[in-house]
Amino acid sequence: MTTHPALAADRVAVVTGAASGIGLAASVKFAALGMKVCMADANGEALEAAAAQLRETAQRPDAVRTFAVDVSNPDSVRRLKESVFEGFGEVALLMNNAGTGGGGGLFGDPARWRRILDVNLLGVVNGIQTFAPDMIRQETPSAIVNTGSKQGITCPPGDTAYNVSKAGVKVVTEALAHELRNIDGCRVSAHLLIPGFTFTGMTAGSNVAKPAAAWTAEQVVDFMLASMAKGDFYILCPDNDVPRELDERRILWAAGDIVENRPPLSRWHPDYKDAFAKFAKA
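Using my numbering, the first residue of the sequence shown is number 1, and each one after it goes up by one.
Because the hints were derived from the structure by calculation, they are not lab data. One thing to keep in mind: the hints can contain errors.
Unchecked claim - Straight-line alpha carbon distances no greater than 20 Å define the calculated EDC-like cross-link-like pairs of lysine to aspartate or glutamate that follow:
1. Lys278 x Glu260
2. Lys210 x Asp222
3. Lys210 x Asp232
4. Lys273 x Glu260
5. Lys281 x Glu248
6. Lys170 x Asp257
7. Lys273 x Asp257
8. Lys170 x Asp232
9. Lys281 x Asp247
10. Lys29 x Glu218
11. Lys29 x Asp222
12. Lys273 x Glu245
13. Lys210 x Glu179
14. Lys273 x Asp247
15. Lys281 x Glu218
Said to hold, decoys possible - Between beta-carbon pairs, the in silico distance windows are:
16. Arg55 x Lys273: 46 to 56 Å
17. Glu82 x Glu260: 49 to 59 Å
18. Gly87 x Gly158: 24 to 34 Å
19. Asn261 x Glu56: 55 to 65 Å
20. Thr3 x Asn261: 16 to 26 Å
21. Ala280 x Arg55: 43 to 53 Å
22. Pro61 x Pro5: 22 to 32 Å
23. Arg60 x Glu218: 17 to 27 Å
Values in this document were obtained by computation on a predicted structure and should not be read as measured data. Just so you know, even glycine gets a beta-carbon here, dropped at the ideal spot from N, CA and C.
Please take these sequences and the hints and turn them into a complete structure.
Pasting the structure below:
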């Protein structure tokens, strides 16, 4: 299988939010490629359990290491970087994946809002600002992947705090790609992972079994790796319910609110229901 040049045996992957979901699935895949995997998560107990499971199947169990990290705390992220570089001397892949949900609507609990922004958005910023300069100086093929969300692009009503945080991740990652491509000799690429409906601990709610419409975290990671191999920046994942074509129509409609001077979030406005349905089928 063709892979991004950063994803090679004996190179180092750092994954935040690695105790479950997409982060754990990515850690498993990187270990299967023969990479040294640094798993970081705020939930130390879940992290150790996940790492123990991974070590049972990893090519090199001793190459799987764990780090209790709060990505919203710059000092915690800095200690992670120092430990990784002291232990391995480089980072080939940084996956800023740690996230949390349930921030609520616009008039929701301010404390929950701050926590969502601190983890989902500032956690990504902390990861980039802490790791990217050293990764650039390595002058080796490397990559930074930030986990965004379609909710940060189309912004469906409901969990406004989450939408805002993931919209920020999109903006930050686009800015990162721009910065990297304008540095002479830089060999670090940036990628925005945009999952579809994915069955993880954060999205499962009361569901024990995976809904038919959802992808597994493993499917998302496989799609991510194939997209990275092609050099894609926007890794727009479908799922079992929404094909890429429908995602594209939803994204175009959202942008059209500005261009056409429609009411904001017109996709959910009763006066535009039929117009959107027709547009989506076009």
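How the hints compare with the structure:
no.: 1; hint: Lys278 x Glu260; result: holds (16 Å)
no.: 2; hint: Lys210 x Asp222; result: holds (18 Å)
no.: 3; hint: Lys210 x Asp232; result: violated (28 Å)
no.: 4; hint: Lys273 x Glu260; result: holds (15 Å)
no.: 5; hint: Lys281 x Glu248; result: holds (11 Å)
no.: 6; hint: Lys170 x Asp257; result: holds (19 Å)
no.: 7; hint: Lys273 x Asp257; result: holds (13 Å)
no.: 8; hint: Lys170 x Asp232; result: holds (14 Å)
no.: 9; hint: Lys281 x Asp247; result: holds (12 Å)
no.: 10; hint: Lys29 x Glu218; result: holds (8 Å)
no.: 11; hint: Lys29 x Asp222; result: holds (8 Å)
no.: 12; hint: Lys273 x Glu245; result: holds (19 Å)
no.: 13; hint: Lys210 x Glu179; result: violated (39 Å)
no.: 14; hint: Lys273 x Asp247; result: holds (17 Å)
no.: 15; hint: Lys281 x Glu218; result: violated (30 Å)
no.: 16; hint: Arg55 x Lys273: 46 to 56 Å; result: holds (52 Å)
no.: 17; hint: Glu82 x Glu260: 49 to 59 Å; result: holds (50 Å)
no.: 18; hint: Gly87 x Gly158: 24 to 34 Å; result: violated (42 Å)
no.: 19; hint: Asn261 x Glu56: 55 to 65 Å; result: holds (58 Å)
no.: 20; hint: Thr3 x Asn261: 16 to 26 Å; result: violated (45 Å)
no.: 21; hint: Ala280 x Arg55: 43 to 53 Å; result: holds (46 Å)
no.: 22; hint: Pro61 x Pro5: 22 to 32 Å; result: holds (25 Å)
no.: 23; hint: Arg60 x Glu218: 17 to 27 Å; result: holds (21 Å)
The structure does not agree with the numbered hints 3, 13, 15, 18, 20 stated previously, though it agrees with the rest.
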